[in-house]
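Visitor: Start from chain P and add chain F according to the hints.
The listed protein sequences derive, respectively, from chains P and F. Residues in the first sequence are numbered consecutively from 1, following the working numbering. Residues in the second sequence are numbered consecutively from 338, following the working numbering.
One thing to keep in mind: the hints can contain errors.
Cross-link-like lysine to any residue pairs, in silico, SDA-like; alpha carbons within 25 Å at most [what the hints assert, rightly or not]: (1) P:K242 to F:W700; (2) P:K266 to F:P397; (3) P:K266 to F:P786; (4) P:K112 to P:L319.
Simulated from the structure, these hints should not be mistaken for laboratory data. Given the structure is predicted, the values throughout are model-derived calculations rather than measurements.
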Amino acid sequence: MLRNLKAFLIFLALTLVISGPAFAQDAKLIEAAKKEGGKVVLYGSLESDTVEAVRKAFQKKTGIEAEYWRASATKVMDRALSEYRAGRPLFDVILTNDNPLQIMQKQGVFAKYESPSAKDFPKDAIDPNLGPRYRNVIIGIVYNKGVIKSADAPKSLEDLLKPQYKGKLVMPDPTQHTTTTQWVASLFKLMGKEKSDKFIRDLAGMKPILVESLLPAAERVTTGETPIAITYVKYAFIFGQKGAPMDYVRLEKMLGDGHYAPLSNKAPHPNAGKTFIDFFLGDESMNIMARMGEFVNRKGVFPPLPDADKIQFVEMLDLDTKGFAEKKKEYAKIFLR
Amino acid sequence: MNHRSVAAGRDLPAGWALSRAGIFLTQPINLIFLGVAGIIAFLSLYPTFFLIYGSLTDAPLGVPGHFTLNNYIRAYSDPETYRLIVTSFVFGLGASGLSVVLALTLAWITIRTNAPFSRLFELTAIVPNIMPPILIAISWVLLLNPNNGLINASLVKLFGWQQGPFNIYSLPGLIFVEGLILTPLAFLIIAAALKSMDPALEESAKTLGSSEFGVARRITLPLMRPAILAAGTLNFVRAVESFDTPAIIALPARIEVFTTKIWREALGSFPTNHNLAATYGVGILVIALLFVYLYRRFTSQIESFSTVTGKGFRPHQIDLGPWKYSASLVALLLLILMVVLPFLVLLLVALLPYYHVPTWQTWQNLTLDNFRYIWDTSRVHRAFANSLFLALVGASVCMLLAALTSYITVRTKIAARGLLEGLVFIPWAFPGTALALGLLWAYVDFPIPVYATIWIIMIAYVTRFLPYGLRAVSSTIIQIHKELEEASVACGAGFFATFRRILIPMMRPGVMAGWIILATIFMREFSATLFLYSPSAEPLGPLLYFLYLDGMRGRVAAIGLVISVISILLIAVAQRFSRWEKS
Numbered sequence: 001m002l003r004n005l006k007a008f009l010i011f012l013a014l015t016l017v018i019s020g021p022a023f024a025q026d027a028k029l030i031e032a033a034k035k036e037g038g039k040v041v042l043y044g045s046l047e048s049d050t051v052e053a054v055r056k057a058f059q060k061k062t063g064i065e066a067e068y069w070r071a072s073a074t075k076v077m078d079r080a081l082s083e084y085r086a087g088r089p090l091f092d093v094i095l096t097n098d099n100p101l102q103i104m105q106k107q108g109v110f111a112k113y114e115s116p117s118a119k120d121f122p123k124d125a126i127d128p129n130l131g132p133r134y135r136n137v138i139i140g141i142v143y144n145k146g147v148i149k150s151a152d153a154p155k156s157l158e159d160l161l162k163p164q165y166k167g168k169l170v171m172p173d174p175t176q177h178t179t180t181t182q183w184v185a186s187l188f189k190l191m192g193k194e195k196s197d198k199f200i201r202d203l204a205g206m207k208p209i210l211v212e213s214l215l216p217a218a219e220r221v222t223t224g225e226t227p228i229a230i231t232y233v234k235y236a237f238i239f240g241q242k243g244a245p246m247d248y249v250r251l252e253k254m255l256g257d258g259h260y261a262p263l264s265n266k267a268p269h270p271n272a273g274k275t276f277i278d279f280f281l282g283d284e285s286m287n288i289m290a291r292m293g294e295f296v297n298r299k300g301v302f303p304p305l306p307d308a309d310k311i312q313f314v315e316m317l318d319l320d321t322k323g324f325a326e327k328k329k330e331y332a333k334i335f336l337r
Numbered sequence: 338m339n340h341r342s343v344a345a346g347r348d349l350p351a352g353w354a355l356s357r358a359g360i361f362l363t364q365p366i367n368l369i370f371l372g373v374a375g376i377i378a379f380l381s382l383y384p385t386f387f388l389i390y391g392s393l394t395d396a397p398l399g400v401p402g403h404f405t406l407n408n409y410i411r412a413y414s415d416p417e418t419y420r421l422i423v424t425s426f427v428f429g430l431g432a433s434g435l436s437v438v439l440a441l442t443l444a445w446i447t448i449r450t451n452a453p454f455s456r457l458f459e460l461t462a463i464v465p466n467i468m469p470p471i472l473i474a475i476s477w478v479l480l481l482n483p484n485n486g487l488i489n490a491s492l493v494k495l496f497g498w499q500q501g502p503f504n505i506y507s508l509p510g511l512i513f514v515e516g517l518i519l520t521p522l523a524f525l526i527i528a529a530a531l532k533s534m535d536p537a538l539e540e541s542a543k544t545l546g547s548s549e550f551g552v553a554r555r556i557t558l559p560l561m562r563p564a565i566l567a568a569g570t571l572n573f574v575r576a577v578e579s580f581d582t583p584a585i586i587a588l589p590a591r592i593e594v595f596t597t598k599i600w601r602e603a604l605g606s607f608p609t610n611h612n613l614a615a616t617y618g619v620g621i622l623v624i625a626l627l628f629v630y631l632y633r634r635f636t637s638q639i640e641s642f643s644t645v646t647g648k649g650f651r652p653h654q655i656d657l658g659p660w661k662y663s664a665s666l667v668a669l670l671l672l673i674l675m676v677v678l679p680f681l682v683l684l685l686v687a688l689l690p691y692y693h694v695p696t697w698q699t700w701q702n703l704t705l706d707n708f709r710y711i712w713d714t715s716r717v718h719r720a721f722a723n724s725l726f727l728a729l730v731g732a733s734v735c736m737l738l739a740a741l742t743s744y745i746t747v748r749t750k751i752a753a754r755g756l757l758e759g760l761v762f763i764p765w766a767f768p769g770t771a772l773a774l775g776l777l778w779a780y781v782d783f784p785i786p787v788y789a790t791i792w793i794i795m796i797a798y799v800t801r802f803l804p805y806g807l808r809a810v811s812s813t814i815i816q817i818h819k820e821l822e823e824a825s826v827a828c829g830a831g832f833f834a835t836f837r838r839i840l841i842p843m844m845r846p847g848v849m850a851g852w853i854i855l856a857t858i859f860m861r862e863f864s865a866t867l868f869l870y871s872p873s874a875e876p877l878g879p880l881l882y883f884l885y886l887d888g889m890r891g892r893v894a895a896i897g898l899v900i901s902v903i904s905i906l907l908i909a910v911a912q913r914f915s916r917w918e919k920s
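Only chain P is shown next, with the shape it has when bound in the complex (with noise of 0.2 Å):
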């Protein structure tokens, strides 16, 4: 027993020791950010739900109040780059993923910022210029298990291109939706070249239904329209939680886009920015993103979908403007036959 207490004291004066200096910053930095206004702008496409449980715990922990604008990653990067070489940027944070962040950081956009936070993150889920890569958005196979019992469903991408999954399967617009080109164009990484060229050819032999974006996609599985769709895989955990019949295939890796969030060099609140980047990196926050369905990158944090921990996650490649306009007129060859 008093081994314990002083093994526990210890502990706890290491503790002290450790993180008084980071919370002597945090109280500086909530003083100063409260001294310019007391709330921070956050553009995004993070999922305003997810947000909103992060802000609340926020406000809770810091007193400041933090406001959301939420859009598609390209009308965040619009809207943000319009006000930016306009002169008016109105944010002090983007969260949203890799692709438009570049375009932005390349544009001047972002300041250098080394959150305290980014320590407990993987060093090769670092960006030297847009900080940890706070979670991976990851896109598999998801189906409707009340249409297609779990022993029929496919179990390897080729597996799509049996004959028995015609007319069912659902998947965005390659030629459209922008994540989606981006997906197709980065299947090598999982199969070499020449096979993901021949099975881009025989998936858009296999007439899937071309919808909008991932979303809508997983939205006809839940409904049992088409009962397979290639999206994100969260949602298998974020309709299954409403009641609806979803799995995913346990593909062996899986592709998908890292998100981040980088602190604009013309924010208005630059210290509520920065409070607000070390608390959404933090342990907390990173824990009520995984507990939503979240595949964060926070060590040892999972999302509660069943063999999370497992899933293999390959970031997809990033294409430049000439690159998509590339892809997209190749993919419309191919898929809108």
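Guide: Only chain F this time, still in chain P's reference frame:
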């Protein structure tokens, strides 16, 4: 300036021009004209200028670029563009044609016949305007998709067929849904014209022995032709530039229209090619303005047909005899299509934890969670407050401008009055998202700090939707005979007294009809405002949009239903203030 006045100008002293300007400015109506023209020209031309500028440069806004025609060459040298314009034309003609047929049928039954419950049908003809078009399109996908659409599934079960008979993912499916969405506006125009029609010709035909249906075919329909064409043209433009319905229905059907091409190449491309989007926007603007010109010609014909005096009258009602119940049945059927079915689907979506084809088990899973979310979330309350403010104040400001503009264009002989109406239609002729870009560029560093406040949203709403208000009020102004104003002036009243005591009360039906249409749109609009609002002044439209983005269809449907209830209350209150039905 014509020849004579040039010659006269040469002979007259220099002070003449000044003194004429002085005389021009002493007339209150001219001052109002200048004020209104200034406001409208600014609202319309300022964002348009940015769009045209954007189409002629090679760099995004805020970055110095070079003058270029490359965007135009790229957009309009592709032969596919023209093929898609043809598809868009077929789609536009089909959808606007259907909307006019539906609106005409409904308007004729409710206004000109003695079919029972006609007042109820007339009121509900406006109701679909309350719902965001995207929700109506989604409802129809849930009803008519070939795999498990509710109607198809029920028919399959009932008759033991292999497959449901309907497929929403087709050009007819696309036309059907867009046609239903466009019907309320066609109804507004056609109903107004039907109400203001001179009954003398019909009565003469009847006296000469024509049957009721003969009168309808030979007199009423030809008299209605300008209104039908006006409604058709207006809706044609709306269909051609609509994106929501094609995105949901045309894409899975693998039908491409002009707007989905713009989306693929410019707005939805990554990164967004604003310059190309603006270029396509300018192209649609040109086509749309051509149709607006046609629309103007048709409406000026309505004016010449409406030989109505200020004396009270009501077009006679046709006694359908035993057929009146069939007429009610037809109206009922249309309302089931336009209102009841989509609303029931939305209710189902709002009450289910996740949407699926209902089974017996479903009834045990129904939940009020989505409505509880509305009740519990302060952000939703704020959005309701913001949207109500925008609907009440925005619609009123818009109608005030519309009433003044309409008075100037219909009543006065001021030289540039036609131009004024043209200006009103410019922002409306752009596709919503292209206008959103123009507005963002125009107001982001505007000297008066309106950007990211609720006022910028109001500016956007007034800019985009003024034509609806104008249409509604113009049809009433035409009805008011000049003799009433002349009598007022003869009794010594000035312009303002006449405007307040004669015109405003007489225009009230049209003003209220327009106000209703605008207020219901303002309650839920989003495409023009998406780039402009800030999280601290968030209205319902953007809130619905991001809930939809996040896959919260249940919440979207629940909020949609609450918006409908509020809008219906607004309509009921507005109707009490108007004498619309009695006019």
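Visitor: Taking the hints in turn, state whether each one holds.
Guide: Checked hints:
For the hint linking K242 (chain P) to W700 (chain F), the alpha-carbon distance of about 15 Å falls within 25 Å, and the restraint holds. This hinted pair checks out: K266 (chain P) and P397 (chain F) have alpha carbons roughly 19 Å apart, not beyond 25 Å. Taking the CA atoms of K266 (chain P) and P786 (chain F), the gap is near 18 Å; set against the 25 Å cutoff, the hint holds. Taking the CA atoms of K112 (chain P) and L319 (chain P), the gap is near 23 Å; set against the 25 Å cutoff, the hint holds.
When the structure is compared with the earlier hints, no violation turns up for any of them.
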